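**Q** What follows is each chain in one-letter form.
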Amino acid sequence: MDAIGVIALNAFRETLRDKILYNLVLFAGLLIGLSVLLADLSITEHHKVIADMGLAAINLIGVIIAIFVGISLVNKEIERRTIYTIMARPISRTFFILGKYLGLALTLFVNMTIMMAVFLATLWLYHVPIEQSLFQAVELIFVEILVVTAIALFFSTFTSTTLSAIFTLGLYVIGHLTADLRSVVANGESGGVKAVVDLLYYLCPNLEMLNIKGQAAVGILVAPEYLLLASLYGVMYAGVLLTSACLVFQKRDF
Amino acid sequence: MKIVRSRSSLKQGLAQVVFGLMLLAGSSVLLHLLDGQRTAVARAEQLAYLPKGEYLKLAVLGYRQVVADLIWLQAVQHIGAKRDTQRGYSWTYHAVDVLTDLDPTFVPPYQATGLFLGVLAGRQEEGLAILNKGSRHNPLIWQLPFLAGYISYYERCDAAAAGEYFRMAAQVHGAPAYLPQLAARMTVESGDSTAALEFLDRFSRSVTDERLREALLRRMKEIVQEQDLRFLEESIRRYRARYGQGPAKLEDLMLHGIISQLPEDPLGGQYEIDFLRGTVSASSKRERLRIHEKVACQVGAGPKTWAGTSSVDMQ
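Line by line, the protein sequences give chains G and P. Heads up: the first sequence begins at 1 in my numbering, then just goes up one per residue. Heads up: the second sequence begins at 255 in my numbering, then just goes up one per residue.
For reference, chain G alone in the conformation it holds in the complex (with noise of 0.2 Å):
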């Protein structure tokens, strides 16, 4: 178990010398200039904007980072040929693998709370209201970014960098149309159809489910069990993608 750590805290540190934090800067800039720009807009709600606009920044930079630096992880090992010296030693191939996703894990969780604190830092400054239900959001989109790198790190087990990137944005496209094309189909006439969405329902990550932006820009709470269920699912849903990836990765040759 502290081989997990030891890897964990050693993609943590490869993501900080990356720069990937540089990141907060794009965001506070973006954020305050924005709310800088609403002040003087007026027929507008500038509480619901500023806080939609930090939610969705919050999400978009969050994804990216996971897409692009969880597409990375294995693949820059095995490009460097540093994967040898680490699969000399006596650690699991899923130790490394689990190592690498905390390591993700805990960069995206200090650059969300970072974030979150520029944000909120933002929110008072325009006097717009600090509801919880911003907190609720952050949290579900905290659990959405662990399912997508956990999507990044699954396909970047057994392809190319780029087709791992190609892949996980589909992948997240997908995820927050399912329940779309669900609904769309239930509609039809066919039983075969539905049945095959059905099952691709199940099979593709909803991400939708762990959306609850708009709700919590206008200050609505969502049920505690409503989230719990929903990051359950998430982290649940991700533990799927984590263990195929642990086996794609056992079957590897180097």
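One thing to keep in mind: the hints can contain errors.
Chain G stretches covered by chain P per the calculated footprint, using a threshold of three residues with CB under 8 Å from any CB of chain P [what the hints assert, rightly or not]:
1) 52-58
2) 168-182
3) 205-213
Far from chain G, by Cβ distances over 12 Å, these chain P residues were calculated [what the hints assert, rightly or not]:
4) Lys311
5) Leu327
6) Glu379
7) Asp455
Derived by calculation from the structure, the hints in this document are not laboratory data. Quantities reported herein were computed from a predicted structural model and do not represent experimental measurements. Think of the CB as a built atom: it goes at the ideal place given N, C-alpha and C, for glycine as much as any other residue.
With chain G's structure known, arrange chain P on it following the hints.
**A** This is chain P only, laid out in the frame that chain G set:
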């Protein structure tokens, strides 16, 4: 040798910087020229190309609210723009329709668009359509059916529809206590400008946005002005009936005891008489409120006190 090489590399670097700056200046000039080519109308036209909300909803994934905000920030530039065209209003309506598909609980766009299209731009059907949509998605916001009621009552002269809207607004929990009484008054007869003024006054107090409040204020002044014009024209008719010919100037109405004093134009202009036609116009607003030309929608006769306008009694 080393110094010569470093000098030449410095020269090369400097040349590259200068070249880069020249390209930047060139691209800035081109951008400026392009800006000039792209008129305000063309910029507004972008709103017309927005895909329908039901499709856009799928394309923007989990970022519906923020995309709705961005569309609203664009649309809001055209709402209330002094030189906006009827086409511009159509595009604005489309944009707001799309953004409210993305975020149906975003209330300010319904309110602002309903007010600008339904009251200020004379596009009552679109104004009512957006307000009806807003009420469907936000049944707890009484201001939306209230505004729709006003448009039906005063802008469309449809007392029955207005009554229905006011009933809806009054039923909302938290609606102001004066609403049922005002609704009862407005349901009796459509087009009563005094009731319309009361509505606008009360509505402007519930509006937090400065631009919306200014627009409402202007509308109230226009209504007062129209009341004055009708009052003066009615007085001219009385003058003509009494003396067999129209007055040469408005002051004659006062001198001959038809009116006690001349009303002041709330928009800051002067009232002028057209001796031949017996009509009165205001120098501050050449086009009179469209609604008053309708025969079906009779407005109340006497002028009312509002915003510094002195009350004038018929003699």
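**Q** Now tell me, hint by hint, if it's right for this structure.
**A** Structure-based check of all given hints:
{"no.": "1", "hint": "52-58", "result": "holds (count 4)"}
{"no.": "2", "hint": "168-182", "result": "holds (count 5)"}
{"no.": "3", "hint": "205-213", "result": "holds (count 4)"}
{"no.": "4", "hint": "Lys311", "result": "violated, 8 Å"}
{"no.": "5", "hint": "Leu327", "result": "violated, 7 Å"}
{"no.": "6", "hint": "Glu379", "result": "holds, 22 Å"}
{"no.": "7", "hint": "Asp455", "result": "holds, 20 Å"}
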